[in-house]
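Just so you know, we're using this note's numbering here: the sequence shown kicks off at 1 and counts up by one.
No lab work stands behind these hints, which were simulated from the structure alone. Just so we're clear, the structure is a prediction, and the values are computed from it rather than from any experiment. Among the hints, erroneous ones may be present.
Dumping the calculated SDA-like pairs for lysine to any residue here, alpha-carbon to alpha-carbon at most 20 Å [stated by the list, open to error]:
id : residue 1 : residue 2
1  : 21        : 32
2  : 35        : 22
3  : 13        : 59
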Amino acid sequence: MNLNFWVYALFYKWATTAMVKQAMGFNDCTIDDMKEGVAAAYVTPDQFQEVTGQPYEEQTEANK
Numbered sequence: 001m002n003l004n005f006w007v008y009a010l011f012y013k014w015a016t017t018a019m020v021k022q023a024m025g026f027n028d029c030t031i032d033d034m035k036e037g038v039a040a041a042y043v044t045p046d047q048f049q050e051v052t053g054q055p056y057e058e059q060t061e062a063n064k
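Construct all of the structure, not just a fragment, from the sequences and the given hints.
Laid out in C-alpha cells, this is it:
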C-alpha cells in the first residue's frame with residue numbers, strides 16, 4: 001500500500017484536517033488520495049468530509 005503523505009500525516013496526527021485541506025489547495029493531496037485513505041481505514045469518513053467538503057460515498061461496483 002502506497003498512500004499519500006498527507007493521509008499518513010492525518011492518521012498519525014502529524015497534521016490537522018486544516019493542514020490537509022491547505023495541501024489539497026497546493027495539489028499535494030487529491031480527493032482520490034483521501035478516498036484511498038478512507039478505504040484503507042487511515043482516514044475517517046468525517047475527516048474526508050471536513051477536508052473535501054463532500055460526503056464520503058462508499059465505492060461499489062455499481063457506482064465505479
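Status of each hint after checking the structure:
1. In summary, the hint linking residue 21 to residue 32 is supported, as the alpha carbons are separated by about 13 Å, within the 20 Å threshold.
2. Proposed proximity of residue 35 and residue 22 is supported: the alpha carbons are some 17 Å apart, at most 20 Å.
3. Restraint check for residue 13 and residue 59: not satisfied, since their Cα atoms lie roughly 26 Å apart, outside the 20 Å limit.
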